[in-house]
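**Q** First to last, the protein sequences are chains R and H. Okay, so the first sequence: first residue is 1375 according to our numbering, each after it adds one. Okay, so the second sequence: first residue is 74 according to our numbering, each after it adds one.
What the hints contain is simulated information worked out from the structure, not anything from laboratory work. Mixed in with the good hints there might be a few duds.
Claimed, not checked - Over the 12 Å line for every Cβ pair with chain R, so calculated as not near, a few chain H residues:
| hint | residue |
| --- | --- |
| 1 | MET205 |
| 2 | GLY263 |
| 3 | GLY267 |
| 4 | TRP315 |
| 5 | ALA317 |
| 6 | GLU336 |
| 7 | HIS370 |
| 8 | GLY387 |
| 9 | ASP396 |
| 10 | GLY415 |
| 11 | LEU422 |
| 12 | PRO445 |
| 13 | ALA512 |
| 14 | ARG537 |
What the hints assert, rightly or not - Subject to a maximum C-alpha distance of 20 Å in a straight line, what follows is the list of computed EDC-like cross-link-like pairs (lysine to aspartate or glutamate):
| hint | chain 1 | residue 1 | chain 2 | residue 2 |
| --- | --- | --- | --- | --- |
| 15 | H | LYS429 | R | ASP1637 |
| 16 | H | LYS369 | R | ASP1637 |
| 17 | R | LYS1632 | H | ASP396 |
To be verified - Which residues of chain R face chain H? A partial, calculated answer using Cβ under 10 Å:
| hint | residue |
| --- | --- |
| 18 | LYS1561 |
| 19 | ALA1565 |
| 20 | TYR1569 |
Every value quoted in this text rests on a predicted model; they were computed, and no experiment measured them. Don't be surprised by glycine CBs; every beta carbon is placed ideally from N, CA and C.
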Amino acid sequence: MRKFFWVVMCVAMFCVGARAQGNYEIQVYGADTVPPKTLMMEMHSNYTIRGQQQTVDGVYPTFHQDHQTLELTAGINDWAEVGFYVFTSVQEGHGIQWVGDHIRPRVRAPDSWHLPVGLSLSTEVGYQRAVYSPDTWTWEIRPIIDKSVGRWYFALNPALERTWHGPDVSQGVGFAPGVKVGYDFTKKISAGAEYYANYGRLGAFDALHNQQQQFFVVSDLNVSPAWEINFGVGIGPTAGTDHLIVKGIVGRRFSWGKRSVVD
Amino acid sequence: MGRLTRRRFAQMSGLAAASVAMGGVGRAAELREQAGSAGLVEPAGAADFSLEIAPYLLEASPKRRFQTVAYNGQVPGPLLRMREGREVSVTVRNRSKDAEVVHWHGLFLPPEADGAMEEGTPMIAPGATTSMRFTPEPAGFRWFHTHTFAGGDLRKAQYGGLHGFLMVEPKENPAAYDREYFLALHDWGGSMTGGDDGSMNPVYDVSTINGKMLGFGEPLRVKQGERVMLHVLNSSPTEVHWVALAGHKFKVVALDGNAVGRERVVDMLRLAPAERVSAVVTMDAPGVWVLGEVRKHVQAAGMGIVVEYAGASGKPKWVQPQDLVWSYEGFAAGAKPEQSGGEVTRIELAFDSKFKGHGAQEKWTINGKSYPETEEPVLVGGRRYRLVMKNLSVDEHPVHLHRHTFEVKRVGGSAELYGLRKDVVLVPAKSVAEVEFVAEHPGRTLLHCHQQDHMDLGFMMVFRYA
């Protein structure tokens, strides 16, 4: 009975990690949306240096997995965008594998509301293969609050997650916040920390030992309005988290439809 | 209808002077009609003119109201008409909660009256009243406005309603026109927004002409065949504006109140903050038209006014221009005047910004320093100076020199220009503008970017006289 309990716990905590796009897209969202007639193309590259080494319940280990995620985000209007993800994994013994796809519509509070903080709301739904995540269909709703104060930048993403298909379908809503604090050392170089967590089910959080807890040291390079560059190194101190990950995001903004000077 | 010049009009009114203070009721009423929504200062006791600074609720439209501060309970403030070279007395009563100062923009006043604390003009404390006497010069379309610090409050200083028209009538006025209107372009409801270049700049909810959004103010009423003089002021705290009158063209006769070197007919006007354009429009297209901002999003925010011909009706028509066209060069004299030249002392000024974070406004510098640490160049009376203004930043800057008129000599790589006299010049981004002036008004003289957010963050310097 005790052995069964630990197997269940182990699977459960892996599911938690995988549900939040796992280590496919590691990013705290800002409240701004992509402008209309613009496509943001981002490549998220994450490599798990120290992660889970065993196959658990048919799910591949994360150890030395190289995740390459293509994110395409198109602006709809001044306050809405839609994003689309293609998740892939590269790993010795498994080759290059398609993992799944997500779609993510997002709206934000218009500037005319004059809110003292940036505010937007993202929702994301998608599929991932069972060998990478036992919960194959998941849904997330992510409020986004951010604020720049002088050289400091703060962002909070208190995301809620729900499994639609998979072992956790009856687990209710999980709480998975993300936090970012950045500092502008120069106009082009910012650095700071990012925090990602999954506390487990709302109202019945997992024990800390089993929660996902990740801390990243990151840097953002603001070399051009057309480019987005972020990289960092993160540790996961709990048993439910991959222990050492490096991540990088390179994004390029493409605009079309010449905007007239009289618009 | 026979042509009525301003001079002839004054004669018919039995009033040699154009100052309202010197006019009778009939004169004031006629001028009020001509001035459109701009009011007039009535004689006030011992003073020729009286201004009261007090809180005011501006109704740009029934749905867009702004609590602000205004002169004499109106936005824009009253139209003051003075006579060139004739001394006037002005009383200013401050009923607002903040110390105030009135800057007489474009006049050659001594520093203690010019209206800038950086030059030495005393502030008017809340509840206090001050009186001044001065002799208005030079003639032309001037204006008056607050010259205070807004800081982070985008309702204060020039973000608010403290601005008004000042017309200094020349001793002789050969301008031939039948009617004149004064129009002030302004932006309201500002908030700071981060830009792609990493800086923060104000954006606005509402834009108005004479305090009203398009469709909510009184129309400019004209008659077919009239020549209408439009005196347009950009009193916006930060924004450059482009205006056109659908179905009509403008003949520009003066910039910043000074006759241009060459009159020119144009499709649209561009005005940087604090700039003025005086232009004659021949009313030869009967109908109901829109005079408005050329850029769609600004006109949609309200910047427009209806122009209505007598007897015409229907929905106001707008013809959307497809480009923004304007240059200073076209208004310069065609040839170098014979007496120009002489020794000129160059003063090099470099404008730049210092990054203070994506969540903060930039600090502005002149030659690497922000006011009050900026240099204080010393001018020698009677000497001619050339300001070589290198704009290293990615923003345009409307640079204003107090108490002097300068001649624009070069803008953005143009050839040498002649006869273009102004008191504000828009220095293009990443470019150079050069102006010349004669140091003939002793006393501290302020030079600054007229964008409120820039002057608040250091874009000012003072010249001293030896």
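**Q** Confirm or reject each hint.
**A** For each hint, the structure was consulted:
1. MET205: Correct as stated: the minimum Cβ-Cβ distance to chain R is 39 Å, above 12 Å.
2. GLY263: violated (10 Å)
3. GLY267: violated (7 Å)
4. TRP315: violated (8 Å)
5. ALA317: violated (10 Å)
6. GLU336: Label holds. Min Cβ-Cβ 26 Å, cutoff 12 Å.
7. HIS370: Given that some Cβ of chain R is not farther than 12 Å from that of H/HIS370, nearest at about 7 Å, it is violated.
8. GLY387: Consistent with the label, H/GLY387 stays out of reach of chain R, its closest Cβ about 24 Å off (over 12 Å).
9. ASP396: violated (6 Å)
10. GLY415: holds (41 Å)
11. LEU422: holds (23 Å)
12. PRO445: holds (22 Å)
13. ALA512: Holds, because the least Cβ-Cβ distance between H/ALA512 and chain R comes to about 38 Å, which exceeds 12 Å.
14. ARG537: holds (34 Å)
15. H/LYS429 <-> R/ASP1637: violated (31 Å)
16. H/LYS369 <-> R/ASP1637: holds (5 Å)
17. R/LYS1632 <-> H/ASP396: holds (13 Å)
18. LYS1561: holds (4 Å)
19. ALA1565: violated (13 Å)
20. TYR1569: Violated: closest Cβ of chain H sits about 20 Å from R/TYR1569, beyond 10 Å.
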